[in-house]
Structures are given as C-alpha cells and as structure tokens.
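> Listed below, chain by chain, are the residues.
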Amino acid sequence: MIKPLGQRVLLEKVEVEKTTVSGIVLPDSVKEEKNIGKVVALGTGKKLDDGSRVEFDVKPGDRVVFSPYSTTETKVDGNEYLIIEEKEILAIID
Amino acid sequence: MIKPLGQRVLLEKVEVEKTTVSGIVLPDSVKEEKNIGKVVALGTGKKLDDGSRVEFDVKPGDRVVFSPYSTTETKVDGNEYLIIEEKEILAIID
Amino acid sequence: MIKPLGQRVLLEKVEVEKTTVSGIVLPDSVKEEKNIGKVVALGTGKKLDDGSRVEFDVKPGDRVVFSPYSTTETKVDGNEYLIIEEKEILAIID
Amino acid sequence: MIKPLGQRVLLEKVEVEKTTVSGIVLPDSVKEEKNIGKVVALGTGKKLDDGSRVEFDVKPGDRVVFSPYSTTETKVDGNEYLIIEEKEILAIID
Amino acid sequence: MIKPLGQRVLLEKVEVEKTTVSGIVLPDSVKEEKNIGKVVALGTGKKLDDGSRVEFDVKPGDRVVFSPYSTTETKVDGNEYLIIEEKEILAIID
Amino acid sequence: MIKPLGQRVLLEKVEVEKTTVSGIVLPDSVKEEKNIGKVVALGTGKKLDDGSRVEFDVKPGDRVVFSPYSTTETKVDGNEYLIIEEKEILAIID
Amino acid sequence: MIKPLGQRVLLEKVEVEKTTVSGIVLPDSVKEEKNIGKVVALGTGKKLDDGSRVEFDVKPGDRVVFSPYSTTETKVDGNEYLIIEEKEILAIID
Numbered sequence: 001m002i003k004p005l006g007q008r009v010l011l012e013k014v015e016v017e018k019t020t021v022s023g024i025v026l027p028d029s030v031k032e033e034k035n036i037g038k039v040v041a042l043g044t045g046k047k048l049d050d051g052s053r054v055e056f057d058v059k060p061g062d063r064v065v066f067s068p069y070s071t072t073e074t075k076v077d078g079n080e081y082l083i084i085e086e087k088e089i090l091a092i093i094d
Numbered sequence: 001m002i003k004p005l006g007q008r009v010l011l012e013k014v015e016v017e018k019t020t021v022s023g024i025v026l027p028d029s030v031k032e033e034k035n036i037g038k039v040v041a042l043g044t045g046k047k048l049d050d051g052s053r054v055e056f057d058v059k060p061g062d063r064v065v066f067s068p069y070s071t072t073e074t075k076v077d078g079n080e081y082l083i084i085e086e087k088e089i090l091a092i093i094d
Numbered sequence: 001m002i003k004p005l006g007q008r009v010l011l012e013k014v015e016v017e018k019t020t021v022s023g024i025v026l027p028d029s030v031k032e033e034k035n036i037g038k039v040v041a042l043g044t045g046k047k048l049d050d051g052s053r054v055e056f057d058v059k060p061g062d063r064v065v066f067s068p069y070s071t072t073e074t075k076v077d078g079n080e081y082l083i084i085e086e087k088e089i090l091a092i093i094d
Numbered sequence: 001m002i003k004p005l006g007q008r009v010l011l012e013k014v015e016v017e018k019t020t021v022s023g024i025v026l027p028d029s030v031k032e033e034k035n036i037g038k039v040v041a042l043g044t045g046k047k048l049d050d051g052s053r054v055e056f057d058v059k060p061g062d063r064v065v066f067s068p069y070s071t072t073e074t075k076v077d078g079n080e081y082l083i084i085e086e087k088e089i090l091a092i093i094d
Numbered sequence: 001m002i003k004p005l006g007q008r009v010l011l012e013k014v015e016v017e018k019t020t021v022s023g024i025v026l027p028d029s030v031k032e033e034k035n036i037g038k039v040v041a042l043g044t045g046k047k048l049d050d051g052s053r054v055e056f057d058v059k060p061g062d063r064v065v066f067s068p069y070s071t072t073e074t075k076v077d078g079n080e081y082l083i084i085e086e087k088e089i090l091a092i093i094d
Numbered sequence: 001m002i003k004p005l006g007q008r009v010l011l012e013k014v015e016v017e018k019t020t021v022s023g024i025v026l027p028d029s030v031k032e033e034k035n036i037g038k039v040v041a042l043g044t045g046k047k048l049d050d051g052s053r054v055e056f057d058v059k060p061g062d063r064v065v066f067s068p069y070s071t072t073e074t075k076v077d078g079n080e081y082l083i084i085e086e087k088e089i090l091a092i093i094d
Numbered sequence: 001m002i003k004p005l006g007q008r009v010l011l012e013k014v015e016v017e018k019t020t021v022s023g024i025v026l027p028d029s030v031k032e033e034k035n036i037g038k039v040v041a042l043g044t045g046k047k048l049d050d051g052s053r054v055e056f057d058v059k060p061g062d063r064v065v066f067s068p069y070s071t072t073e074t075k076v077d078g079n080e081y082l083i084i085e086e087k088e089i090l091a092i093i094d
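Chains as they are written, first to last, in this note's numbering: chain A, 1 to 94; chain B, 1 to 94; chain C, 1 to 94; chain D, 1 to 94; chain E, 1 to 94; chain F, 1 to 94; chain G, 1 to 94.
Derived from the structure by calculation, the hints contain no laboratory data.
Be careful, since some hints might not be right.
What the hints assert, rightly or not - Over the 12 Å line for every Cβ pair with chain G, so calculated as not near, a few chain E residues: (1) Asp49; (2) Val58; (3) Pro60.
Claimed, not checked - Here are the simulated lysine-lysine pairs, PhoX-like style, with alpha carbons at most 20 Å apart: (4) Lys75(G) x Lys13(G); (5) Lys87(A) x Lys87(B); (6) Lys46(B) x Lys47(C); (7) Lys38(B) x Lys13(A); (8) Lys38(G) x Lys59(F); (9) Lys47(D) x Lys13(D); (10) Lys47(A) x Lys46(B); (11) Lys87(D) x Lys59(C); (12) Lys3(E) x Lys46(G); (13) Lys38(B) x Lys3(C); (14) Lys59(D) x Lys3(D); (15) Lys47(G) x Lys59(F); (16) Lys87(A) x Lys47(B); (17) Lys47(D) x Lys59(F); (18) Lys87(A) x Lys38(B).
Nothing here was measured: the structure is a model prediction, and the numbers come from that model.
Ideal placement from N, C-alpha and C gives every residue a C-beta, glycine not left out.
Please model the complete structure; the sequences and the hints are all you need to start from.
In structure tokens:
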C-alpha cells in the first residue's frame, strides 16, 4: 500500500465516457481524462507548530476534479496512481 | 453536482453576442468570450486559523469578468464548467 | 454597469493626440496610447482583517498613467474597458 | 503636471556628453544614456499601517543613477518622462 | 559514509521490475525507475529557532516515492546515491 | 562624486593579471575580471523600522569578490563604476 | 587569503578518481567532479537581529557534496576557489 506524506492525497485516474449529448458512447481512443480522479488514501496531514495535523476536506471514495500538471504519477505492484497536494484538488463531484 | 473547494467558484461560460454599435448581430463564428461567465456555485470557503471560513464577494447568478488564463475547464455529465479562485474574478456586471 | 472587486479600478482608454512640438496633429494611425486612461469606477476596496476596506488614492474622472501589460480588457454592452489593480496605477495627471 | 503615486519618482532623462578622456565631444549618435536622470517630482509616499507616509531619500533636482529596465516611459503635453519606484534608484550624483 | 545536512535524506535508487499484468518480467532495457528509492540515512534535521531539530517522517529502510527532478546525484567510493529534501518525498510504500 | 543609496556599494573594477603558474604575465587581451573589484564608497545604509541604518561588513579600499550579473555599470565624469547590493559581495580578499 | 561574507563557505574542488567497480583508474579526461569539494574557510556568519552570528554545520577540512550550479568560481593569486552559501551544501562525506 502507498501512504502519502503531509497534506497529500493518493488518487486513481477515472476514465470519463466521452458521450455526445445524444448519449452515443464514443470509442476508447477519445476517452477524456478531464483531470478527474478518485481518492484512494489520505496523507499523514501537514504538521502544525503545536504538533497537531491539518484535517482533510476530501475523503476516500470521493470523485474529484484536480488542476492539470499538478500530479506525480507512480506505479507500484502494477497499479498506476497519482499523488497530489490537497490544495490542487479543485472540487468534489457529488 | 460539483462542489468547489476553498475560496473557489464554479462558473458557466457566457457567450457574448458580438454586435456592432449599430446593433447588427454578427454570425456565431465571431462570438466573443471576453472572459465573462456566470456564477453557478460557491466553494467551501478558505479555512482561517480560528476554523471560520472566508465569505464570498460574489453570489450564484452573478455575471462576472475574470482574468484570462486563470480557469480550469472540466466536463461533468456532458456539461462544461470553469473552476476559478475568487481572487481571479475582477468585477461583477450589474 | 461594471463593479470592480477588491482594490481594482475600472478605466477607459484615453487617446492621446500625437502632435509634433510645433503643434501639427498627426493622422489617426499614429495615435499614441502611452498607457494613459481615465478612471470610471472604483472597486469594493481590499478587505482588511478587521473587516474595514482600504481607501483609494484615485477617484472617478482622474486621468492616470498605468503600467503597460497590467490591465485586463473587457467589452460590455459594446463599450471597451480596462480593469487594473490600483497598485499598477503609476501617477495622476493634474 | 504629473503626480506619481506611492513611493514612485518622476524623472527626466539626462543626456550625457560622450567625451573621450582628452575632452573631445563625440557626435550626437553616441550620446550615452548610462541610466542617468534628474528628479522632477516625488510621489505621495508609501502608506504605512499607522497612516503615515514613507519619506524619500531623493529630492527634486537630484541627478541620479537608476537600474536599467525599471522605468515606465510616458509622454504628457509633448514632454517625455520616466516613472520609477524609488528603490530602483541606485545612487545620487553630487 | 555520507551524512546529509538539514532536513535532507540520502536515498539509493530502487529498480522496479517492469512486469506486464500477466506477470512476464520484461528485459532490463525497460526497467522503470518510477522515482522510487530506499532511505539510506537521515540528515541532521532542520535547526529551529530554539536550537531543537525537526523530526523526520521517514526512517532508514523505507521504500519511498519522490518528486521527479528534485534529487542531486552523487557518487562516493563507487556507489551512486541521491540526496533529496524530505519535503520532496511524496509517500512511503508499505 | 556618486553616493549609493540604501545597502548598496560603489566599486571600481580590478583588472587581474592573468599569469600562468610559472609567473609569465599574459597579454592584455586575456585579462581576467574574475568578478573582483575595489570598494570606493558605501551607501546610506538600509533604513530599519526604528529609523537606524544597517552597518556595512565591507569598507572603502577592500578588494572583494562579487556575484556575476549582479552589478549595474555607470559612467560619470569619464570614470566607469559598478553599483552593487552589499549582499551580492561574496568575500573580502585580505 | 579570502574571507567569505555572511553564511558563505570557501571550497576547493576535489577531483574524484573515476574508477570502475573492479578498481581500474580511468584516464584524466573522465575525472568526475560529482560536485564534491573541501572546506577551506568559513564566512563571518549570518547576522541575526540581536547582533549574534549563525553557527556553521561544516568545518574547515570537511569533504562535502554541494548542489550543482550553486557556486561562484574565483581565482586569487593563481588558486581557483568556489564560494557557496552553506545552505547549498547537501552532505558531509565522513
């Protein structure tokens, strides 16, 4: 398992079906990864001067939108993950 | 639905009719998106040290002017949105 | 109407007659916009920690010199405006 | 007249006679503007938290050396001026 | 031995077997170094104003993921090492 | 005379004889200016909040090594000078 | 002698024998200077507000690893030196 450090979050990429307004699912090749991912694990939390840790606004399982170019890709045991600072997560998709 | 995080705002693009001074509506192709949008949803608000959240100067429904190159585009359920930091919103159009 | 946010100011461009020292007005094409504008409206003022707002050094009607590359152009109801941070306004022309 | 804002200064360019050591004045084309200017007017002074204004180290009439690339040129009523932050003025020439 | 200074960490590169999902080990040439390393030694710790030193979140032996382009390579006694600031270590692989 | 402002220093370039180890003085063309200069005058000193001025670590007459690309050249009354922030002076040559 | 200023350190370059694992010393041309140097002299130490000076973590004679591109080269009395900020020294080689 991967345990992020500080105020970082571990994400899995979410592939978004590219569908036209009328609902036709387009072929794989045009799958849009409109910088959307799913939260897998939370980090240790940023250390504050008094020794406490900052809480997170997101939780495992949340589908989120993140800033492009703000993730580090890594591959462990064959699985691909993204590691991102929480402040680069822009929104939660209910 | 998309819930922005922190002091961010969710916008929809507003297409501005390109009209000459004499009022003739020009064809689609020259529709100017002079960085104008409509507020759809407000974020959770920036967390202050005392745990309170910063209030917003804009509200849902406001037509606003924003800095170019300061938005992240995303597409959810077929709808296109812009996510922006409130400090990049320059003015409200009454 | 456009209401700037924070310590921003709404300007109109001022076209400066390009005249030689001897007073001959040169043709339109060489009209110099030596980054000079006229104040149209003041923003809401920057919020201070105690909730008060910062006052402005400029006022509507002032002719001002501003830093090049520091304005955002926008067009509303056919009129062109510039939106600028007050700190980028360099001087007032009496 | 031009009234600079904050800790800015209004300068006139000073053209320096390019002379060889033996005193021969070289033709116009090689007039060196080794970033030297003359102070024309002082700004309103930077506002401090207690409402007071920062004093200036230079005064009108001083010949000064300034950092290259740190001035904004403007032209008002046919006269060319430079507007500069005082901190970019490097030295006073007695 | 190499003793890092401040909040730095000494790492050894970890070569990751590039295997397809079905488990076939690919040839050397495609060994992926997906910015993964092993902690060899901790630094002296960042000095705080009261003279104490900041503790580390990682410990010797940990397998870690680090930001690309954030390490300095060095070679001592024939061994290759990476020196990195702890804040560039993104996660620990349990 | 030139009076630097703030924590700046006025330097003269020092031309360093390019000599081989065996002591042969090489021709003018390869005179190395390994960013070495001589202190000519000290500035007014940086103003502190309590109105006092910061002292200098260098004094007129010191031979010093300075960071490349950190000086502004100027020429007054036919003499060439360098103006530099004291923090860009790296060392004193005893 | 060269006396560095502030929290700077004077280094001499250390040439590292490029040897293969089996111990064969490679020719001069491939001498690796894997950014390793020897401490020659310590600076005056960074001035703190209370007038005291910051202590150094390194001492003359230490062999150290430093960040590439963080040194200024200079040559005095025929000897080549490197001047570096202590914070760019990454580790001490025991």
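> Determine for every hint whether it applies to the structure shown.
Structure-based check of all given hints:
Listed as outside the interface, Asp49(E) is inconsistent with that label: its C-beta sits roughly 10 Å from the nearest C-beta of chain G, within the 12 Å cut-off. No Cβ of chain G comes within 12 Å of the Cβ of Val58(E); the nearest lies about 16 Å off, and the non-interface call holds. Under the 12 Å C-beta cut-off, the non-interface status given to Pro60(E) relative to chain G holds; the minimum distance is some 15 Å. For the suggested pair Lys75(G) and Lys13(G), the alpha carbons sit about 12 Å apart, so the restraint of at most 20 Å is met.
For the hint linking Lys87(A) to Lys87(B), the alpha-carbon distance of about 15 Å falls within 20 Å, and the restraint holds. Of the supplied pair hints, the one linking Lys46(B) and Lys47(C) holds, its CA atoms being roughly 14 Å apart against a limit of 20 Å. With a C-alpha separation of about 29 Å, the suggested pairing of Lys38(B) with Lys13(A) is violated against the 20 Å cut-off. Proximity of Lys38(G) to Lys59(F) is assessed by CA-CA distance (about 29 Å); at most 20 Å being required, the pair is judged violated.
Taken as a hint, the Lys47(D) and Lys13(D) pair is broken in the structure, with Cα atoms around 28 Å apart against an allowance of 20 Å. At roughly 19 Å between alpha-carbon atoms, Lys47(A) and Lys46(B) fall within 20 Å of each other, so this suggested pair holds. Pair hint Lys87(D) plus Lys59(C) does not hold up; C-alpha atoms about 26 Å apart against a cutoff of 20 Å. A threshold of 20 Å between alpha carbons decides the hint, and for Lys3(E) with Lys46(G) the separation of about 23 Å lies outside it, so the pair is violated.
This hinted pair checks out: Lys38(B) and Lys3(C) have alpha carbons roughly 15 Å apart, not beyond 20 Å. Distance restraint check for Lys59(D) and Lys3(D): the Cα-Cα separation of roughly 14 Å lies within the 20 Å cut-off, and the hinted pair is therefore satisfied. For the suggested pair Lys47(G) and Lys59(F), the alpha carbons sit about 17 Å apart, so the restraint of at most 20 Å is met. For the suggested pair Lys87(A) and Lys47(B), the alpha carbons sit about 12 Å apart, so the restraint of at most 20 Å is met.
Annotation: proposed proximity of Lys47(D) to Lys59(F) is violated, straight-line Cα distance about 34 Å (limit 20 Å). Between Lys87(A) and Lys38(B) the CA atoms are separated by roughly 24 Å; this puts the pair beyond 20 Å, and the hint is violated.
Violated hints for the displayed structure, listed by number in ascending order: 1, 7, 8, 9, 11, 12, 17, 18.
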